[in-house]
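Start from chain A and add chain B with the ligands according to the hints.
Here are the chains, one letter per residue:
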Amino acid sequence: MNSNVTSIKLVLLGEAAVGKSSIVLRFVSNDFAENKEPTIGAAFLTQRVNMADHTIKFEIWDTAGQERFASLAPMYYRNAQAALVVYDVTKPQSFIKARHWVKELHEQASKGIVIALVGNKMDLLESEEDRKVAKEEAEKLSQEENLLFFETSAKTGDNVNEVFLAIGEKIPLKKSDGSNTDGLRGTEDGRIDLNKPDDTSNPNSCGC
Amino acid sequence: MDENYDVIVLGTGLTECILSGLLSIEGKKVLHVDRQDHYGGESSSVTLTQLYSKFKQHPLSKEDIESKFGKDRDWNVDLIPKFLMANGELTNILVHTDVTRYIEFKQVAGSYVYNRGKVYKVPANEMEAISSSLLGIFEKRRMKKFLEWISAYNEEDIATHQGLNLDQNTMDEVYYKFGLGNSTREFIGHAMALWTNDDYLQQPARPSVERIILYVQSISRFGKSPYIYPMYGLGELPQGFARLSAIYGGTYMLNTPIEKVLYSDDGKFEGIVTKEGTAKAPIVIADPTYFPEKCKTTGEKVIRAICITKQPVPNTSNADSCQIIIPQSQVGRKNDIYIATVSDAHKVTSKGHYLASVSTIIETDKPHIELEPAFKMLGPIEERFMGISEIFEPIEDGTKDNIYISKSYDSSSHFESMTDDVKDIYFRITGHPLVLKKREDVAEE
Ligand SMILES: Cc1cc2nc3c(=O)[nH]c(=O)nc-3n(C[C@H](O)[C@H](O)[C@H](O)COP(=O)(O)OP(=O)(O)OC[C@H]3O[C@@H](n4cnc5c(N)ncnc54)[C@H](O)[C@@H]3O)c2cc1C
Ligand SMILES: Nc1nc2c(ncn2[C@@H]2O[C@H](COP(=O)(O)OP(=O)(O)O)[C@@H](O)[C@H]2O)c(=O)[nH]1
Ligand SMILES: [Mg+2]
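As they're listed, the protein sequences go chains A and B.
If you read the first sequence in the numbering used here, its first letter stands for residue 7, the second for the next number, and so on.
If you read the second sequence in the numbering used here, its first letter stands for residue 1082, the second for the next number, and so on.
Be a bit skeptical, because a hint or two may be false.
Quick list of in silico lysine-lysine cross-link-like pairs, BS3-like style, CA-CA up to 25 Å [unchecked claim]:
no.: 1; chain 1: B; residue 1: Lys1447; chain 2: B; residue 2: Lys1109
no.: 2; chain 1: B; residue 1: Lys1143; chain 2: A; residue 2: Lys117
no.: 3; chain 1: B; residue 1: Lys1361; chain 2: B; residue 2: Lys1137
no.: 4; chain 1: A; residue 1: Lys117; chain 2: B; residue 2: Lys1135
no.: 5; chain 1: B; residue 1: Lys1361; chain 2: B; residue 2: Lys1109
no.: 6; chain 1: A; residue 1: Lys117; chain 2: B; residue 2: Lys1149
no.: 7; chain 1: A; residue 1: Lys117; chain 2: B; residue 2: Lys1428
no.: 8; chain 1: B; residue 1: Lys1382; chain 2: A; residue 2: Lys15
no.: 9; chain 1: A; residue 1: Lys202; chain 2: A; residue 2: Lys63
no.: 10; chain 1: B; residue 1: Lys1137; chain 2: B; residue 2: Lys1432
no.: 11; chain 1: B; residue 1: Lys1258; chain 2: B; residue 2: Lys1226
no.: 12; chain 1: B; residue 1: Lys1202; chain 2: B; residue 2: Lys1226
no.: 13; chain 1: B; residue 1: Lys1428; chain 2: B; residue 2: Lys1305
no.: 14; chain 1: A; residue 1: Lys109; chain 2: B; residue 2: Lys1152
no.: 15; chain 1: B; residue 1: Lys1349; chain 2: B; residue 2: Lys1375
no.: 16; chain 1: A; residue 1: Lys117; chain 2: A; residue 2: Lys15
no.: 17; chain 1: B; residue 1: Lys1428; chain 2: A; residue 2: Lys202
no.: 18; chain 1: A; residue 1: Lys109; chain 2: B; residue 2: Lys1428
no.: 19; chain 1: B; residue 1: Lys1305; chain 2: A; residue 2: Lys202
no.: 20; chain 1: B; residue 1: Lys1225; chain 2: B; residue 2: Lys1258
no.: 21; chain 1: A; residue 1: Lys202; chain 2: B; residue 2: Lys1518
no.: 22; chain 1: A; residue 1: Lys15; chain 2: B; residue 2: Lys1152
no.: 23; chain 1: B; residue 1: Lys1447; chain 2: B; residue 2: Lys1135
no.: 24; chain 1: B; residue 1: Lys1152; chain 2: A; residue 2: Lys117
no.: 25; chain 1: B; residue 1: Lys1488; chain 2: B; residue 2: Lys1341
no.: 26; chain 1: B; residue 1: Lys1341; chain 2: B; residue 2: Lys1361
no.: 27; chain 1: B; residue 1: Lys1137; chain 2: B; residue 2: Lys1149
no.: 28; chain 1: B; residue 1: Lys1341; chain 2: A; residue 2: Lys109
Here are some of the chain B residues that sit facing chain A, going by a computed Cβ distance under 7 Å [said to hold, decoys possible]:
no.: 29; residue: Arg1116
no.: 30; residue: Tyr1120
no.: 31; residue: Glu1123
no.: 32; residue: Val1176
no.: 33; residue: Thr1181
no.: 34; residue: Glu1185
no.: 35; residue: Gln1188
no.: 36; residue: Trp1230
no.: 37; residue: Gln1320
no.: 38; residue: Ala1327
no.: 39; residue: Ile1328
no.: 40; residue: Leu1335
Calculated from the structure, these hints are not laboratory results.
Think of the CB as a built atom: it goes at the ideal place given N, C-alpha and C, for glycine as much as any other residue.
Chain A extracted, bound-state conformation (with noise of 0.2 Å):
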C-alpha cells in the first residue's frame, strides 16, 4: 500500500535570516509569518508531494538556529538526501556563506546528495539596483557544482513548490523492499525502534 512511498531526508542549510523557516513555512502550510519569532518546537516536518508515479515524503530538518553561531552538528546533515543551500539575494555576505555550505556538504554529506541552491527574498526586489547577488553568478556556481538553481520569495510563494519538486525529480528512486540500506528506514539489519514498548509484536505498520 505504502510501496510507492519514499521518504527523503532533506536539510536546510545558509546564514541565519535568509528565509529558511519561512521556505519550509510556506512549503508545509503555504504559510507566511512577517517578523517572526523562529518557531518553537517546530524544526523537524514532513510534507508529501506527488510526483508522477509515487510519493515522496520530504523529511525536513530546519537549523533549529544552530547556525547563527556556526554550531550546526554533524548529526544534521548526516544521511541527508537533500539540502537547500538559501541566500538572500539582497546579501552578498549569504551568498559567500552559500557557497561554503556547498563546499562543506560536498565533503561531509553523503555522495549522492541533491542540492538545491536558493536564492530567496526575491519580492525585495523593485528595481535591479536592490539586487546584491547576480543571477548570473549563483548559476554559474550551480553549474560548477552540479546544484538545482531557483530564485524564490517565501513571502509571496513564487517558485517555492518548485524546489521541491524539482528536487523530487533528481533524487534517485530508491527501491523500498529494503535493498538498499543506506537509508533512515529499515529494521533489517539488527536495528530497533525505541518507541515500540513491545518489540515481539512487529505489524510494521506506519501510522503516518
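Here is chain B with the ligands on its own, set in the frame of chain A:
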C-alpha cells in the same frame, strides 16, 4: 547576542546537553557554550586522525592512516566507551523527549563473562540459564529459584519477599538463603548487577536487586543482550539533546572560550564574558573542566585502551558487538576488567575493522600491565591507544554560588550513574524531581 538568560550551560557533554534540553522544553531561556569547536566534550566520538593526535606523540599523517585503516571519516571512536541499558533511564529520557527521531540504535549482539580461562555467554533468561554450561546442574536449580524470586518480588506483597528484607539483609545473606555458590555469586554480582568489585556483598541488598531487575528487564526488551548502542557512536547522543534544546529555543555557541566568569559581591554566579560579549544568568551548569578549582578527584583512576582489530573477539560467535566482563577474582584483582566492542555494523569503523575498548580501575603503579589479560583475549591488535583518566566531582552542591557542576563519566559500562547525576542536578536547580512527560507532537504533518 542577547544579554540575559535563565540558565547558562558550559560544555556540551552528554550530562550538560540533556539538562539543557530538559530546561529548554520547560521554557527556560538557555545559552549553551563550549570552548571546543565540536559537540560532546568527553562524550564525543572522534575520527582516527583526531584520535592519533590526542593519544600519540608522533601521530601518523592522514594519508598513512587512510592507507592502513580506510577512510578517516568512516571512523567515530568513542573516547569513553559505554552502552545503554535497553530499559535504563537514558533510554527512557530519549523516548520521552523524542530524541529517538534523530538517532538510530542497534542491539549489542551479546554479553559475555570470563570464567576459568573461557568466555561464556551470560544467560539472557531462565531458559538460557538452564542450558548454559556456566553453571553446574544443582547450581542451575538454585539460580532458577533466585531468578524466580527476583521476578516475582513485589514491594507491597510481603509473601513475595520470602522472608528477606532488602534494606536490612545484605546481598551476601540473600545469596546464602538461595544457597548460591561462589561462581554463581560472582556471575550474578558482576555480570548482571554489574558491580566492579565485591564491596556490595556486605551492603543492603536493595541496590543489587534493583540492578539485577534492570538487567533482566533490559534483556527481555530486545532479546540478545541488555545493551543498545547508537549508530555513528555515542557522540550522537549529546548532539541529539543539543538539537532538542535548540528546537525549544536554546542558543548554541561552539568554539567560544570563556574569557571571564562574573560573580556578585557575595560570590554568586552572575554571568560570563566571551568573544560574543557578556551573557548573564542567575544559574550556571558546567562540566568539571570549566571550574577545576571547585572540583575534587574521587581518587579513582581509570585506564582505558582503545584497540583496533580486524577480527571479532574470539569465542563470541563472531558478534559484531559485545561486552565481556572479566571478574576481578578470575585474574587476581580487586576490580573487574571490561571489554566493549563495536564495529562497522554501527558505522563507527571502516569496513572490516573492530574497536575494542578495554578498561579498569587502576590498582598498581603499572596500570598498562593490568589490562594484559584482556588484550590476550582480543587476538592480533593492529593499533592501541591508552589513556588514564581521573574522575572529578564538585566539592559543593551548587546551592551557595548557583554553580552546578556535573561529575566526570565514571568507569561503569552504562549510563545509569550519569542519569542519576542529571536527575540530581535537575532537582538541586528546580527544587522538584524530574518527571518525564511525552513531548507533544507539534511538528508532525
Ligand atoms: C552433592 C553435590 C553433587 C553434585 N553433583 C554434580 C554433578 O553430578 N554434575 C555437576 O555438573 N555438578 C554437580 N554438582 C555441582 C558442582 O559441584 C558445582 O556446583 C558446579 O560444578 C559449579 O561449580 P561452581 O564453580 O559454581 O561451584 P561453587 O560455586 O564453588 O559451588 C557451588 C555450590 O556447590 C557446592 N559444591 C561444589 N562442589 C561440591 C562438591 N563436590 N561437593 C559438595 N558440594 C559442592 C558449594 O559448596 C556451593 O554451595 C554437585 C553439587 C553438589 C553439592
Ligand atoms: N521580504 C521577504 N522577507 C522574508 C522572506 N523570507 C523570509 N523573510 C523574513 O526574513 C526574516 C528571517 O526569516 P527566517 O525564515 O526566520 O530565516 P532563517 O533564519 O534563515 O530561518 C523573517 O523576518 C522573515 O519574515 C521573503 O521571501 N521575503
Ligand atoms: Mg530558521
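So, going through the hints one by one against the coordinates:
1. B:Lys1447 - B:Lys1109: With Cα atoms ~48 Å apart, Lys1447 of chain B and Lys1109 of chain B exceed 25 Å; violated.
2. B:Lys1143 - A:Lys117: 21 Å, holds
3. B:Lys1361 - B:Lys1137: 40 Å, violated
4. A:Lys117 - B:Lys1135: 29 Å, violated
5. B:Lys1361 - B:Lys1109: 14 Å, holds
6. A:Lys117 - B:Lys1149: 23 Å, holds
7. A:Lys117 - B:Lys1428: Judged against 25 Å, a Cα distance of about 16 Å means the pair holds.
8. B:Lys1382 - A:Lys15: Measuring from Cα to Cα gives roughly 43 Å; hence the hint is violated.
9. A:Lys202 - A:Lys63: OK: Lys202 of chain A and Lys63 of chain A at ~22 Å, within 25 Å.
10. B:Lys1137 - B:Lys1432: It holds: about 24 Å lies between the C-alpha atoms, which stays within 25 Å.
11. B:Lys1258 - B:Lys1226: 11 Å, holds
12. B:Lys1202 - B:Lys1226: At roughly 20 Å apart (the allowed maximum being 25 Å), Lys1226 of chain B and Lys1202 of chain B satisfy the hint.
13. B:Lys1428 - B:Lys1305: 20 Å, holds
14. A:Lys109 - B:Lys1152: Measuring from Cα to Cα gives roughly 19 Å; hence the hint holds.
15. B:Lys1349 - B:Lys1375: 13 Å, holds
16. A:Lys117 - A:Lys15: 14 Å, holds
17. B:Lys1428 - A:Lys202: Judged against 25 Å, a Cα distance of about 23 Å means the pair holds.
18. A:Lys109 - B:Lys1428: 23 Å, holds
19. B:Lys1305 - A:Lys202: Roughly 17 Å between the alpha carbons, so the hint for Lys1305 of chain B and Lys202 of chain A holds.
20. B:Lys1225 - B:Lys1258: 13 Å, holds
21. A:Lys202 - B:Lys1518: With Cα atoms ~16 Å apart, Lys202 of chain A and Lys1518 of chain B stay inside 25 Å; holds.
22. A:Lys15 - B:Lys1152: OK: Lys15 of chain A and Lys1152 of chain B at ~24 Å, within 25 Å.
23. B:Lys1447 - B:Lys1135: Distance of about 21 Å is within 25 Å: holds.
24. B:Lys1152 - A:Lys117: Given that 25 Å is the threshold and the Cα spacing comes to 14 Å, the pair holds.
25. B:Lys1488 - B:Lys1341: Holds, at roughly 22 Å.
26. B:Lys1341 - B:Lys1361: With a Cα-Cα distance of about 12 Å, the restraint between Lys1341 of chain B and Lys1361 of chain B holds, given a limit of 25 Å.
27. B:Lys1137 - B:Lys1149: Between Lys1137 of chain B and Lys1149 of chain B the Cα gap is close to 16 Å, so the pair holds against 25 Å.
28. B:Lys1341 - A:Lys109: 35 Å, violated
29. Arg1116: Not OK, violated: Arg1116 of chain B not within 7 Å of chain A, min 12 Å.
30. Tyr1120: Holds. Min distance 5 Å.
31. Glu1123: 16 Å, violated
32. Val1176: 5 Å, holds
33. Thr1181: 5 Å, holds
34. Glu1185: Result: holds, 5 Å to nearest chain A Cβ.
35. Gln1188: 6 Å, holds
36. Trp1230: Violated. Min distance 24 Å.
37. Gln1320: 4 Å, holds
38. Ala1327: This hint holds: Ala1327 of chain B lies near chain A, its Cβ roughly 4 Å from the closest one there, short of 7 Å.
39. Ile1328: 4 Å, holds
40. Leu1335: The hint holds - Leu1335 of chain B has a Cβ within 7 Å of chain A, the shortest such distance being about 4 Å.
The structure fails hints 1, 3, 4, 8, 28, 29, 31, 36 (numbered hints given earlier, in ascending order).
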